[in-house]
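**Student:** In case you want the letters, here they are:
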Amino acid sequence: MQAARCHNLGMLNPNRYFHPEPGTRQIARELYEIAAQFPLVCPHGHVDPRILAENSPFPDPSELLIIPDHYVFRMLYSQGVSLESLGIPRKDGGWTEADRRKIWQIFADHYYLFRGTPSWCWLRQEFADVFEIEERLDSGNAMRLYDRIAAKLAEPEFRPRALFERFRIQVLCTTDAATDDLAHHRKIRESGWGGDVRPTFRPDIVMTLLHPSWRESIGQMEKQTGISIGGYRAYIQALERRREFFKTMGCTCTDHAVLEPYTAELSTQKAEEIFIRALGGHATVEDDRLFTAHMLMEMARMSVADGLVMQLHPGSFRNHNQSVFDRFGPDKGCDIPVSTEYTRNLRALLNKYGNESRFRLVLFTLDESSYSRELAPLAGHYPALRLGPAWWFHDSLEGMMRFRKMVTETAGIYNTVGFNDDTRAFLSIPARHDLSRRVDSNFLAEQVATHVIEKEEAEEMIRDLSYRLVRKTYGFDR
Amino acid sequence: MQAARCHNLGMLNPNRYFHPEPGTRQIARELYEIAAQFPLVCPHGHVDPRILAENSPFPDPSELLIIPDHYVFRMLYSQGVSLESLGIPRKDGGWTEADRRKIWQIFADHYYLFRGTPSWCWLRQEFADVFEIEERLDSGNAMRLYDRIAAKLAEPEFRPRALFERFRIQVLCTTDAATDDLAHHRKIRESGWGGDVRPTFRPDIVMTLLHPSWRESIGQMEKQTGISIGGYRAYIQALERRREFFKTMGCTCTDHAVLEPYTAELSTQKAEEIFIRALGGHATVEDDRLFTAHMLMEMARMSVADGLVMQLHPGSFRNHNQSVFDRFGPDKGCDIPVSTEYTRNLRALLNKYGNESRFRLVLFTLDESSYSRELAPLAGHYPALRLGPAWWFHDSLEGMMRFRKMVTETAGIYNTVGFNDDTRAFLSIPARHDLSRRVDSNFLAEQVATHVIEKEEAEEMIRDLSYRLVRKTYGFDR
Amino acid sequence: MQAARCHNLGMLNPNRYFHPEPGTRQIARELYEIAAQFPLVCPHGHVDPRILAENSPFPDPSELLIIPDHYVFRMLYSQGVSLESLGIPRKDGGWTEADRRKIWQIFADHYYLFRGTPSWCWLRQEFADVFEIEERLDSGNAMRLYDRIAAKLAEPEFRPRALFERFRIQVLCTTDAATDDLAHHRKIRESGWGGDVRPTFRPDIVMTLLHPSWRESIGQMEKQTGISIGGYRAYIQALERRREFFKTMGCTCTDHAVLEPYTAELSTQKAEEIFIRALGGHATVEDDRLFTAHMLMEMARMSVADGLVMQLHPGSFRNHNQSVFDRFGPDKGCDIPVSTEYTRNLRALLNKYGNESRFRLVLFTLDESSYSRELAPLAGHYPALRLGPAWWFHDSLEGMMRFRKMVTETAGIYNTVGFNDDTRAFLSIPARHDLSRRVDSNFLAEQVATHVIEKEEAEEMIRDLSYRLVRKTYGFDR
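Protein chains in written order, with this note's numbering: chain A, 21 to 498; chain B, 21 to 498; chain C, 21 to 498.
Simulated from the structure, these hints should not be mistaken for laboratory data.
For chains that are exact copies, the list does not tell them apart, and a pair is met inside one copy or across any two.
In silico BS3-like links for lysine-lysine, alpha-carbon gap of 25 angstroms or less: (1) Lys122 x Lys172; (2) Lys372 x Lys111; (3) Lys372 x Lys492; (4) Lys425 x Lys492; (5) Lys111 x Lys352.
Produce the entire structure from the sequences given, and follow the hints as far as they go.
**Tutor:** Listed below in structure tokens is the structure:
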């Protein structure tokens with residue numbers, strides 16, 4: 021879709037992101053034409069299923085494109101723009117800018133800050149492809165473009181489900197707490213609409229003994245499962261029950277975020293002791309660490325049993341900026357990566373479950389130094405292990421290229437899983453997939469141009485990277 | 021200046037360091053032509069202010085180009101050339117080569133070792149641009165070139181101030197101990213000469229309780245400030261007084277070198293206890309570590325108050341080679357980087373002062389794995405934080421390109437500060453800035469050629485990277 | 021040899037691995053033509069000397085190319101192919117596939133997995149250059165190619181010594197336990213055949229107190245040296261005696277694998293205590309760690325005395341997959357790198373011996389983050405230190421290029437040692453050297469094309485990188 025349309029757009033060169041050498045660029049372009057034919061498979065992301073359940077018009081441009089996008093307001097904040105002036109809601113209900121046009125003007129005034137960043141690439145493609153805006157946003161045209169976007173959003177073909185179809189999204193997985201009732205997913209399924217939207221089981225809170233909402237979430241699980249969680253065994257049973265429920269709603273994978281990917285099995289007795297301490301409100305930091313390490317093992321065990329693909333996202337120090345967290349809450353651009361160790365941390369889990377071909381563990385990192393040192397060697401050996409794509413800060417032109425160059429020589433492309441857009445921003449989905457397909461096409465084109473692989477091999481590989489691997493890994497073909 | 025002149029030089033191709041693909045090269049060249057027009061802004065370096073205060077002729081070529089340059093003699097030493105034979109002064113006054121022509125000959129004999137290093141690029145540009153030498157130095161022409169350089173150095177237009185003007189240095193900051201009397205700076209200011217030379221406040225010794233000269237430096241501060249430093253409060257007061265004095269001499273920034281960038285605030289009582297122990301000569305290693313962590317917080321607090329830009333250079337294990345240190349002292353090419361952690365170490369400081377827009381912390385690293393993992397995410401969030409350029413071993417063609425490619429996508433270019441030459445070698449200043457401008461032009465040209473940004477955007481960005489950002493960050497525009 | 025032949029082969033483009041920009045590619049090609057003229061110098065590898073001692077025909081294609089190559093079966097295993105089905109021998113003698121044709125068919129069916137990996141590059145060049153096979157292996161032609169290779173292997177010109185000469189191997193070093201009797205080396209030397217095959221002294225087991233075979237190996241050393249090893253002094257004496265023996269057999273270097281490169285000298289008394297505990301079977305994990313750190317110092321001391329070049333390969337977590345190790349033993353693709361620290365760990369050894377020009381320590385890494393941070397600065401200072409080439413997982417097109425780009429600017433090329441093929445796979449030696457020479461040619465061509473160096477300098481440098489440096493470093497020119 022993008023490829024066909026962008027010929028007509030001044031701002032989007034059809035050869036963007038391809039190698040400047042003409043021969044290589046031409047090969048990249050030809051590979052990309054293959055990639056662009058495939059629909060979008062979105063196995064991991066954070067789109068709110070409510071928008072597809074309700075299918076209401078999107079709100080105004082600022083609420084759609086700025087207020088929920090931590091990539092965007094993070095950059096403005098880093099240059100002294102207050103979060104209040106951007107309309108980010110305060111936890112205490114204190115004043116934040118309510119005039120959406122003012123917010124948009126501030127955004128336009130600072131739009132130059134994004135030059136050379138992925139937000140720059142995504143946003144201009146959204147403007148061009150979704151809203152048919154060929155101008156670059158700036159202080160002068162800000163209000164005019166605001167009005168133009170607002171007018172489009174009022175049209176029926178800009179409703180969420182219409183865009184879902186226009187974007188050619190074949191399947192979209194959301195991310196849902198273990199205690200989520202999946203009401204929106206139920207509503208979508210019962211609506212008769214054909215869009216394939218699936219939940220993902222994310223039990224971070226119920227696995228984190230010291231999480232402020234842990235006790236409350238255990239209570240919710242008790243209600244939802246009818247199991248009285250007085251001890252560790254019941255807790256495990258309740259988790260298994262919840263996974264079953266998620267599966268009935270189309271779920272094919274789980275997702276787990278941890279600071280360090282430490283895995284270690286506890287004896288049932290030890291797990292029981294810690295769990296009882298936690299129920300009593302007396303869990304220690306070390307209890308929490310050991311229990312999380314143990315529960316990752318348990319999640320792998322359950323995945324072997326029920327076939328859910330297990331995703332692990334370690335290495336983000338959440339809410340680094342305490343005062344922003346206190347005022348605005350989580351996910352405000354204050355999560356900062358830390359150095360992450362995989363070889364020793366994952367040994368217990370991989371030794372126990374890594375040789376199981378029917379188990380699938382998809383691993384991510386924010387620490388690029390682990391690509392060639394730990395992740396590619398691990399994925400190039402353990403049958404259960406696959407590498408997720410370049411993640412978060414690395415979901416970018418250079419970041420993806422580094423991922424491919426550092427991983428492929430040891431793990432091949434077949435131990436990677438294709439693209440995840442991982443986005444909260446529904447409208448950015450096509451731009452993100454398009455950028456990824458362009459990078460992969462360019463990566464393969466360089467290999468063709470330097471005679472590492474033949475053109476026909478690259479053609480097979482771009483089909484794998486754009487479509488086949490993601491469907492296979494996440495079990496959509498089962 | 022360089023651009024205009026080098027057309028006439030056989031050895032300096034005007035397209036050097038630009039992408040080999042002709043279209044990209046042409047864009048790089050055009051961006052560079054913009055960059056080359058700007059004067060040089062030098063906010064961080066180690067030029068001895070004495071040379072500009074006295075304005076005497078530079079000594080012979082060996083004393084000018086070899087003996088003080090640890091980049092140069094380090095490489096020769098690594099291949100078995102003794103430091104004595106290169107005339108490096110010994111601490112015990114023992115024999116070192118006094119014949120400067122012999123030293124130059126050894127240098128010429130080993131000049132090939134520098135192939136592909138930044139010293140190679142800088143030196144040949146110095147030879148070409150400063151001394152109009154178009155030949156490559158080798159064993160055969162060594163003495164002839166020595167004589168030619170020596171003859172030039174005797175001419176009035178090769179005096180330091182004349183070169184300062186010829187180099188188009190707009191402002192030059194030196195690095196000065198907190199206890200420096202700034203006599204050379206005073207002399208420059210009182211001379212009536214128009215060159216803008218400024219001190220930088222570097223309190224490493226007075227902040228390092230276990231430094232051999234700590235007690236002596238405290239004594240010097242007492243004399244200089246008239247404050248009797250019997251305890252922690254007086255110590256803080258004296259430091260504030262010294263900062264005031266530096267400001268009166270034109271100082272706009274401070275500089276801090278630490279092994280790890282650990283920051284943590286002590287209670288005043290705890291700081292007092294440690295300080296009293298140190299005065300008594302009983303400070304422990306842990307005292308030293310905690311006190312440095314605390315004093316970094318204090319320096320940030322003072323910067324918020326007095327507006328001095330705070331620079332932090334962590335991660336160098338100084339004087340790794342004990343026997344070289346024992347014979348020749350510090351800064352002899354024996355400082356080796358270590359892995360450096362920023363996310364957790366800087367949290368205390370950034371939580372307390374990082375949200376202050378009027379505070380400016382410029383951060384450097386020798387650990388490139390932290391660029392995309394920690395530094396860019398931090399700088400892309402905290403308003404006070406900016407990233408210094410690729411530093412020391414990474415102040416090079418590939419090093420700078422890695423910096424831009426790993427940092428820009430997350431932090432943009434506007435959370436970086438432009439170039440620092442960081443040099444002791446006065447004559448290398450134009451070559452270093454020129455190389456940096458070429459790399460930045462080339463970086464942007466690749467983005468234009470691959471349609472990430474438009475040419476006119478790149479033109480704005482090269483103005484920012486070459487001139488505007490450095491002036492803005494370091495407060496030269498105030 | 022390769023260069024001349026591959027013009028005739030469809031699959032091997034003579035410009036493979038060179039920059040796609042035509043001008044740069046042409047320079048790379050011209051530099052490569054120089055490189056390709058040199059014979060192969062192989063100072064570090066794992067070829068079994070038995071094959072050259074016996075000079076029997078190689079076995080069938082599967083036993084030659086699949087069963088011993090952990091690069092190959094690791095990748096197949098990672099995608100769910102069992103090691104049993106590939107004929108990898110089990111420790112317990114249990115069933116593994118005996119039908120070599122079936123194994124070959126599985127390999128062919130999964131050959132696509134290697135696309136873009138070094139095995140892909142090496143294998144197709146082996147097929148083309150050694151066996152004159154121009155087709156790509158696939159499921160369909162598997163049996164035909166098996167037969168063709170099998171037929172070739174039966175010809176006299178495919179015997180090991182004939183290939184050794186055809187490959188133009190000038191010298192080949194093997195890797196041999198300190199307790200090896202070097203019978204195969206003796207047989208080669210006594211055979212009258214002119215091939216230069218040399219042992220390498222690898223005392224890992226006798227230096228690792230907790231190794232299961234440590235006690236047994238000490239016993240072997242006692243028999244071999246006639247020294248009764250009742251204590252530390254006798255142990256040292258026996259090691260010195262073994263080094264002498266290896267030297268009489270042509271040995272020029274030692275090799276040491278450790279998890280971390282920690283070095284620290286023990287007092288003789290402390291070393292004695294630990295050694296006695298180990299003899300009694302009571303050594304602790306800490307004893308083992310300290311003793312290894314101490315013995316690295318001792319090995320350096322002995323190298324200063326006897327001139328053997330010391331090689332250190334740290335950072336591999338061996339046998340990460342316990343169940344594969346239990347069934348199949350070591351070297352089954354289950355060794356995973358870990359983050360490795362050099363600056364602090366090597367300080368003791370480098371302080372004591374690093375300033376000795378006659379000592380040569382060649383250092384390797386699996387942790388690329390240490391290239392620019394620690395290894396290049398260390399090698400760019402200490403006279404004794406040289407950097408080994410990109411190792412193991414990094415012995416690849418991108419891996420080698422990263423090595424050159426991250427190391428050269430700080431250490432130059434003259435503190436590196438040229439190429440090591442490090443291979444068990446005798447037939448892959450020419451392909452590995454060829455790939456390395458192409459990468460180096462391409463690296464230098466980029467520098468010529470961007471005017472960092474002149475063409476004639478690059479011509480000197482490619483001679484150094486392909487031939488001169490390795491001969492000089494490893495003492496083959498003495």
